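**Student:** Construct the complete structure from the given sequences, taking the supplied hints into account.
4 protein chains.
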Amino acid sequence: MTRDVQEIDARVRASFAKQTIMTTIGAEVAAVRPGEVEIVLPFSESLLQQHGFIHGGVVATIADSACGYAALTVMPREAAVLTTEFKLHLLSPARGERFRAVGRVVRGGKKLVVSLGEVFAEQGGSSKQIALMTTTMMVVEGGAGLRD
Amino acid sequence: MTRDVQEIDARVRASFAKQTIMTTIGAEVAAVRPGEVEIVLPFSESLLQQHGFIHGGVVATIADSACGYAALTVMPREAAVLTTEFKLHLLSPARGERFRAVGRVVRGGKKLVVSLGEVFAEQGGSSKQIALMTTTMMVVEGGAGLRD
Amino acid sequence: MTRDVQEIDARVRASFAKQTIMTTIGAEVAAVRPGEVEIVLPFSESLLQQHGFIHGGVVATIADSACGYAALTVMPREAAVLTTEFKLHLLSPARGERFRAVGRVVRGGKKLVVSLGEVFAEQGGSSKQIALMTTTMMVVEGGAGLRD
Amino acid sequence: MTRDVQEIDARVRASFAKQTIMTTIGAEVAAVRPGEVEIVLPFSESLLQQHGFIHGGVVATIADSACGYAALTVMPREAAVLTTEFKLHLLSPARGERFRAVGRVVRGGKKLVVSLGEVFAEQGGSSKQIALMTTTMMVVEGGAGLRD
Chain A
30 MTRDVQEIDA RVRASFAKQT IMTTIGAEVA AVRPGEVEIV LPFSESLLQQ
80 HGFIHGGVVA TIADSACGYA ALTVMPREAA VLTTEFKLHL LSPARGERFR
130 AVGRVVRGGK KLVVSLGEVF AEQGGSSKQI ALMTTTMMVV EGGAGLRD
Chain B
30 MTRDVQEIDA RVRASFAKQT IMTTIGAEVA AVRPGEVEIV LPFSESLLQQ
80 HGFIHGGVVA TIADSACGYA ALTVMPREAA VLTTEFKLHL LSPARGERFR
130 AVGRVVRGGK KLVVSLGEVF AEQGGSSKQI ALMTTTMMVV EGGAGLRD
Chain C
30 MTRDVQEIDA RVRASFAKQT IMTTIGAEVA AVRPGEVEIV LPFSESLLQQ
80 HGFIHGGVVA TIADSACGYA ALTVMPREAA VLTTEFKLHL LSPARGERFR
130 AVGRVVRGGK KLVVSLGEVF AEQGGSSKQI ALMTTTMMVV EGGAGLRD
Chain D
30 MTRDVQEIDA RVRASFAKQT IMTTIGAEVA AVRPGEVEIV LPFSESLLQQ
80 HGFIHGGVVA TIADSACGYA ALTVMPREAA VLTTEFKLHL LSPARGERFR
130 AVGRVVRGGK KLVVSLGEVF AEQGGSSKQI ALMTTTMMVV EGGAGLRD
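Protein chains in written order, with the working numbering: chain A, 30 to 177; chain B, 30 to 177; chain C, 30 to 177; chain D, 30 to 177.
It should be emphasised that the hints constitute simulated quantities derived from the structure, not laboratory data. Just so you know, these numbers come straight off a predicted model, no measurement behind them. You can take every hint at face value.
Here are a few chain C residues that sit away from chain D, every Cβ distance over 10 angstroms (derived from the structure):
#: 1; residue: Ala59
#: 2; residue: Glu65
#: 3; residue: Arg133
#: 4; residue: Gln152
#: 5; residue: Gly154
#: 6; residue: Ser156
Ranges between beta-carbon positions, derived for each pair:
#: 7; chain 1: B; residue 1: Lys140; chain 2: D; residue 2: Lys157; range: 34 to 42 angstroms
#: 8; chain 1: A; residue 1: Arg127; chain 2: D; residue 2: Thr49; range: 48 to 56 angstroms
#: 9; chain 1: A; residue 1: Arg127; chain 2: B; residue 2: Ala60; range: 35 to 43 angstroms
#: 10; chain 1: D; residue 1: Lys157; chain 2: C; residue 2: Arg106; range: 29 to 37 angstroms
#: 11; chain 1: A; residue 1: Glu36; chain 2: C; residue 2: Glu57; range: 53 to 61 angstroms
#: 12; chain 1: A; residue 1: Ala60; chain 2: B; residue 2: Asp33; range: 45 to 53 angstroms
#: 13; chain 1: B; residue 1: Ala60; chain 2: A; residue 2: Pro71; range: 28 to 36 angstroms
#: 14; chain 1: B; residue 1: Asp33; chain 2: A; residue 2: Pro71; range: 39 to 47 angstroms
#: 15; chain 1: B; residue 1: Ala43; chain 2: C; residue 2: Glu151; range: 40 to 48 angstroms
DSBU-like mimics (lysine-lysine), calculated; alpha carbons at most 35 angstroms apart, straight line:
#: 16; chain 1: A; residue 1: Lys140; chain 2: C; residue 2: Lys139
#: 17; chain 1: C; residue 1: Lys157; chain 2: C; residue 2: Lys47
#: 18; chain 1: A; residue 1: Lys157; chain 2: D; residue 2: Lys139
We put the CB at the ideal spot given by N, CA and C, even for glycine.
**Tutor:** As structure tokens, then:
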């Protein structure tokens with residue numbers, strides 16, 4: 030990794046470590062690339078809806094953070110990121126051994142960043158897309174008192 | 030409550046009790062009315078994003094379930110409900126002592142139900158809307174093998 | 030009307046008059062109130078999708094403008110408004126003599142405004158909601174060179 | 030083209046020809062492939078919002094139809110398609126000589142189809158993405174009396 034990529038990677042992981050919800054559900058950062066972040070979540074009996082699938086809100090949690098951190102990788106060093114809205118399509122029931130959310134920047138602007146998130150269920154050696162998200166992220170300048 | 034309302038109330042609460050994610054985050058059903066369901070969530074240090082607010086995915090979790098159970102109250106007895114998509118606007122940072130998600134049916138159809146969700150942060154005696162959700166719920170007939 | 034309300038009304042109508050699409054489809058401003066704008070559209074054979082209903086994109090056109098002008102009524106005098114995203118639920122087929130889009134500000138911020146739009150089909154003396162929209166509007170400061 | 034592809038192409042174009050809004054705005058079908066449809070729209074002075082860009086509702090109109098016809102290509106012969114909801118991100122102002130909406134099926138189900146739409150502005154030899162849409166389309170069985 031070049032110095033910049035290392036710095037972005039460290040910044041995302043340090044911020045992610047402050048998201049206590051991620052420890053609660055058991056999610057981890059799997060990859061950080063400029064404009065793209067991956068988060069993985071192992072299946073857990075404590076995260077289910079009534080039919081035994083992972084709850085859509087949990088799928089949203091990892092997809093939103095993947096999209097938000099993807100946005101953070103393209104922002105100025107002093108800016109913070111806030112989700113203003115997201116939409117999640119649940120394409121198939123969320124069952125599998127592990128879930129992988131991939132967030133990718135579609136459009137990076139000075140004030141707003143649009144990201145696309147895809148969530149995959151992994152089982153054995155196979156992977157299937159189970160969700161699709163689009164988000165609008167707000168770039169919050171340092172002066173607003175928010176830090177990563 | 031009339032017999033029907035009692036039956037709907039019991040059905041929603043029984044299904045909610047199967048959503049293990051609700052125990053994990055500490056959410057409870059606060060009210061069930063025909064076409065409307067309320068879920069409350071006390072603030073917890075284990076549900077935060079990096080700035081110390083409740084994570085947007087957690088806000089989505091209670092809003093989605095409030096919308097889904099609101100939909101269930103208008104469905105036939107033998108049908109189950111599945112979220113196909115939702116969109117969440119985060120209007121203000123999610124800080125407060127307690128959060129209340131109110132889901133309400135906007136349009137009930139035979140195949141799809143559209144619900145609107147509003148989430149409020151409560152602090153002291155005051156309440157402030159912090160999120161707005163719209164959802165599309167699918168009516169799944171009994172034959173599909175899904176139960177509440 | 031007070032002077033302020035008159036000024037807002039004039040500002041919205043002047044901007045609306047520049048939207049050539051509104052002349053093309055036959056839409057008009059029906060009401061301007063602080064935080065709320067109504068647009069009406071008579072049925073026309075030239076605006077249909079393949080089943081003979083008004084096309085969803087036309088419904089979106091009047092709902093988006095109603096939401097955007099509702100946002101404009103709560104913005105500073107020198108700011109312009111740009112839609113960053115909207116979501117439209119088509120609740121029922123768009124048939125009727127006339128369609129009324131009502132846009133209303135849900136949350137007004139310095140940088141972003143969230144609005145809710147409802148579209149009604151009117152037939153004889155009755156009115157039925159056929160669509161629901163939520164939008165994110167960006168506040169564009171005068172310096173950006175955009176005018177109403 | 031194989032017979033099936035020819036049949037799908039003919040079916041999409043016949044249905045599109047019934048959408049009077051497309052004649053009104055000047056849009057045409059540019060390509061039909063299994064799971065993917067392209068619609069093009071030349072710039073016109075009659076389709077603008079107040080800043081001189083193509084109105085977001087017009088962008089939605091071509092993106093929605095591209096997504097809906099993409100869905101139709103994967104549906105049974107006797108089924109019709111209805112949009113239940115769409116979300117449109119406006120990534121950049123819609124200015125250019127011509128606009129191209131590409132709709133693609135992300136998930137085809139028996140009852141619902143999710144499509145992704147991308148809209149590009151073309152100017153000289155270059156092309157720039159200006160919008161992103163996600164949609165939920167309902168599969169309507171022949172018995173419901175709707176035809177393409």
